[in-house]
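A.B. asks: Both chains are sitting in their own frames, so use the hints and assemble them into the complex.
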Amino acid sequence: MNLKKILIAGVSVASLMCGAASAEISDGVVKIGLLTDMSGTYSDVAGEGAAVAAQMAIEEFGGTVAGAPIEIVTADHQNKADIAANKAREWGDTDQVDAFAELVTTSVALAVFEVAKQQNKIALVSGSASSPLTGDACIPTGLHWTYNTRALAVGTGSAVVQEGGDSWYFLTADYAFGEALERDVSAVVEAAGGTVVGSAKHPFPASDFSSFILQAQASGAKVIGLANAGADTVNAIKAANEFGVVAAGQKIAGLLVFMPNVKSIGQDVAQGLQMTVSFYWDMDDETRAWSQKFFEKTGKMPTGIQAGTYSSVLHYLKAIEATGSDDTDTVLAKMREMPVEDMFAKGGVLRTDGRMVHDMYLAEVKKPSESDGEWDLLKIVRTIPGEEAYGPLSESTCPTK
Amino acid sequence: MLTDLLGFPPQVLFGQLLLGLINGAFYAVLSLGLAVIFGLLNIVNFAHGALYMLGAFATVGLTTYFGIGYWGALILAPLIVGAVGMLIERFLLRRLSGVDHLYGLLLTFGMALVIEGTFVKLFGSSGLPYAPPPQLTGGVNLGFMFLPWYRGWVVAAAIVMCLLTWYIFEKTKIGAYLRAGTENPQLLQAFGVNVPLLTTLAYGYGVALAAFAGVLAAPITQVSPLMGSNLIIVVFAVVVIGGMGSIMGSIVTGLSMGVIEGLTKVFWPEASATVIFAVMAIVLVLRPAGLFGNAT
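Sequence order for the protein chains is A and B. In my numbering, each residue's number is its place in the first sequence (first place is 1) plus 17. In my numbering, each residue's number is its place in the second sequence (first place is 1) plus 744.
Just so you know, these hints were derived from the structure itself, not from any lab. Check the hints yourself; a few may be wrong.
Simulated crosslink set (DSS-like; lysine-lysine; CA at most 30 angstroms straight-line) [said to hold, decoys possible]:
id, chain 1, residue 1, chain 2, residue 2
1, A, 396, B, 915
2, A, 396, A, 363
3, A, 384, B, 865
Chain A stretches covered by chain B per the calculated footprint, using a threshold of three residues with CB under 8 angstroms from any CB of chain B [as the list claims (entries may be wrong)]:
id, stretch
4, 47-58
5, 216-229
6, 244-254
7, 258-272
A few chain B positions that, by computed beta-carbon distances, are all more than 12 angstroms from chain A [unchecked claim]:
id, residue
8, 756
9, 818
10, 915
11, 920
Ideal Cβ positions, reconstructed from N, Cα and C, are used throughout, including at glycine.
Isolated chain B, as found in the complex (with noise of 0.2 angstroms):
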């Protein structure tokens, strides 16, 4: 066997394998809510770590001061940090409207930072515990590998969450005009479409879709202020490969992303960090719209 020869028994092979399928999911949400906002609004949405965070942090607070538990923050969160990304639209991103890119990722850049430092001044950086929703502890033995059920959990949620995106984009009528407004805005307002609401709420989805990634990130990883800076630069790696703004396209490549840095971290842990951006690097080469970009 070729995998005995290299020293990993197939067990761990797979284990790694579903492993960076979870991490996938995560790599998945995220840069789905990023492809919606750029395909939309045409900006790069570099404070979507930190509305990740925000998510996160949401949900703690959800819980410690209003006694909501995981499942109501499930809901609840996404739709208070949503609210709070179409506040970002209305008062700030749409006044950058019609002006170079540069400037909506640098005033998102800006923001991440404000929204980030005000959270390590508030909250300290070792971040706050939560633990996973009582239903979802625990795991099940699937003989190559010990499988909790939270992280079960996340997958199918995530997985759920990115194929709806993609039916109400691609099949229902309100996708229909998204998808119209970002190729002739003009036009769409001339039909009597009000445009400048549906750019609120679009941002205001890929918001609210950072957020529930939070939601499920809170009982993994530490609450932090710094959760999301660090996973960011990763996220727009995988959109830069997917394709800027395509929607399946963010949703195939953050799963097999996932699953790449999985086998290297078994292979060369050194490595886990780089090879998404090896592999973006060798995408732009090769196609620089992106696997799923449309060249035009």
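One chain only, chain A, in its complex shape (with noise of 0.2 angstroms):
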């Protein structure tokens, strides 16, 4: 045999293992359906940012894994469930699409896990905070990938109640996740020796928060803990910032809290806010660079949603690449043996209950004077080790962990 007959055989012996990678990928392409909130409250911290994250995933694999196409699918959930559960059904059903991704909106994540259930399809959730949805509401092949409302209080919550602030408030959003975040601060507050005295459950959204800062101011408590989030939070913080609840010596915990929401409260307003984050641009080289480029493309840095969007359309396609295949259960155990590692996550584990763990940070707002541009908002004042920020998979809640 000489030299070219070896090379003939080796290219078709190739050529026909790739041909039988790519036939495990079903209907020959990956589709990705990302749901999120294109038009309402949540927008600016998801919306078309979270699709232009995905979209900059699918472009470091040159738009093909495992020898087939990716496409990406979007649609405006309008934070309803109904819609959302629609949309991801049709996809599933008719559409092709391998697995959903985004899904802010803890009611909106909670309906596409039914979809996702009964379809056996993974559902990469960036947006949605609940901590339950890896908790009593988990599902095998739900994966919650930014943040939770855990972390969160584990990171403002606990800070909080370290510099003196041991009695709490809440306001909160009367809904899943409003409940979910005030359960998840109230057992780090009391874990940490203080004491809720009470709490306002307000309307989702609510325009007017004076009378619900009234009601914190009268209850005496030293922190007044914001359990909401988007305009709810921004509202509340400039009625407390307007009736001189800070100048008379409460505090203001913004529990989740955006870098698009600093802006709109002003600089000057919000300086000194502390608030837990999955991701902020100015970390590392890495994170700059990131942000720079989904900059050039928005016009806008991105959120820790967005950028967790990214990581986890990135680990999903890895493990697509790894396997050759897009079958479910071959890619969740292809996702959960390799390490997270990205600009977002480092060394991020993702556990049997849904939940991927990876460091959190504890930021706060800078003054306008150490602000050197429109972007320059925050400074990182402590990183909180992963399994401090989630705590470990035996409390989790989740029956198939």
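C.D. replies: And the structure:
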């Protein structure tokens, strides 16, 4: 056999193997269905930017994985669980979507979990925060990537208690997420020897917070914990400032604050506010480089939800690349086996309850005088190790862990 | 004391009553604009929330791009947005005069979605900050609560604006024309009054009232493209309770619904978003034309 023949034989075998690999990809395409809030209150923190971030992960693969093209479809779920569930079901049943991504708003994530469970498809949750997603409400194929209410509680909650804020009053958004956040923070506060003196559940969304702020003021608690998000948090902080709550000595703890929220509160009002973040663009060379690329596409710096969407999609694709298959169980096993290594997470571990455990950060809003530019808003004051933020697997109440 | 029995000291209740009045002032100005528009044009103006939002954005825009402060914006923003309103009336709504109410409702609802969608695209959903004017920062301790000067100003400005509107419509000649226009536009036209112009002006005025409320709200809430859609449904309920098209009805109902909502926030916070609709349902059953409406 001469050299030429050997080469030809080698090439044919290799091409056969490639053929075999892409034959493992169902329908010959890897399709990701990204459901997010494109027009409502969370469209700044997730929204279009999350779709861009997922696209960036796909571009890193050059648009193909294991020999098959990667496609992404997106839809606006308008923060409505029924719309999200219908869209997910349609994608899974008729459009060959292999995995669902982003899924901001707890009620949406819970609804899509039902669909993902029935269809045995992977759900990569980034934007929703409720810890029960990997607790009582977990499903075998539901992965919770970016953060959760427990991590927020451990981060901001303990930091505030350590500074002497040992009595709390909560303003809680009256839905699953607000309740989860209040519960998790109360646990942290009480474990640290603090007390919870009361809470007011406000409608979601609420346009005026003065009344709730006044109740919180009357409670005499040292800390007013805001178990809400988005516009609600912004309006509550503005009202607290206006009604002289902070000047009178009470402290405001924003338990879920994103960078765009800081911008809309205004840095002069928000300065010194502590917040727990999963990601900040200005942490190291890798985050800066990635964020710069993101900025060129969107004109905004990425939020943790967007960076987390990138990371979850990237890790999903890596597992498909490594196994040559898009079969849910095969991919899931590989995703758990490989550490999550990218600009978002270093040595992240995907647990059997669906939790992706990675380091979190306690950040503080810079004073306007410390700020170098429009996006120079936060400084990281503490790294919270993943295990501390998310707790051990043994504490997880997920029945299928 | 009853209040003590319920576990709420009187100070808390006074505070909540005052806050309710402040929110009620917004409801009053917004529902007044709707009442004016409905009265004259027979249009259920679903774009009202979006126009209120435009008022707030105009305030921020005037300050950011033209260096015009709050006080200038208080005059200019309603004029600018009111002019936009007149263009809407002249070129869009007028084409629907004479057809069923439902078309006007659909058109204005569609406009609201387009305006809000455009602003979300341009400015994002998180909103922009706007500081209260320096003359009105700080506040006064009333004993039972700390009242920020700005909130006090909001109530005063809103009530003055409401009474002024009532005066224009009920006591002046132009008001008489407007009321006559609602009753019988053909007859009024026959007397030589330019009814189409009157209609355009009335729509512009209703829109300007929405923008005025938007300016008042800018320093309090985040100036966000969605700020109007959160409020508008409640305001519609207020209009229905007061009686569609009734000027005084809108003012009184707006203020009292604010107070009722404020009290609900103390006793049953979870229900504060629904209490106004509960009142609306009861009123509709007992008095279908609304509290101040004309049953005919």
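A.B. asks: Each hint: holds or not?
C.D. replies: Hint-by-hint comparison with the structure:
no.	hint	verdict
1	396/A <-> 915/B	violated, 61 angstroms
2	396/A <-> 363/A	holds, 19 angstroms
3	384/A <-> 865/B	holds, 29 angstroms
4	47-58	holds (count 3)
5	216-229	holds (count 11)
6	244-254	holds (count 4)
7	258-272	holds (count 4)
8	756	violated, 5 angstroms
9	818	holds, 18 angstroms
10	915	holds, 33 angstroms
11	920	holds, 37 angstroms
Of the numbered hints given earlier, the model fails hints 1 and 8; all others are met.
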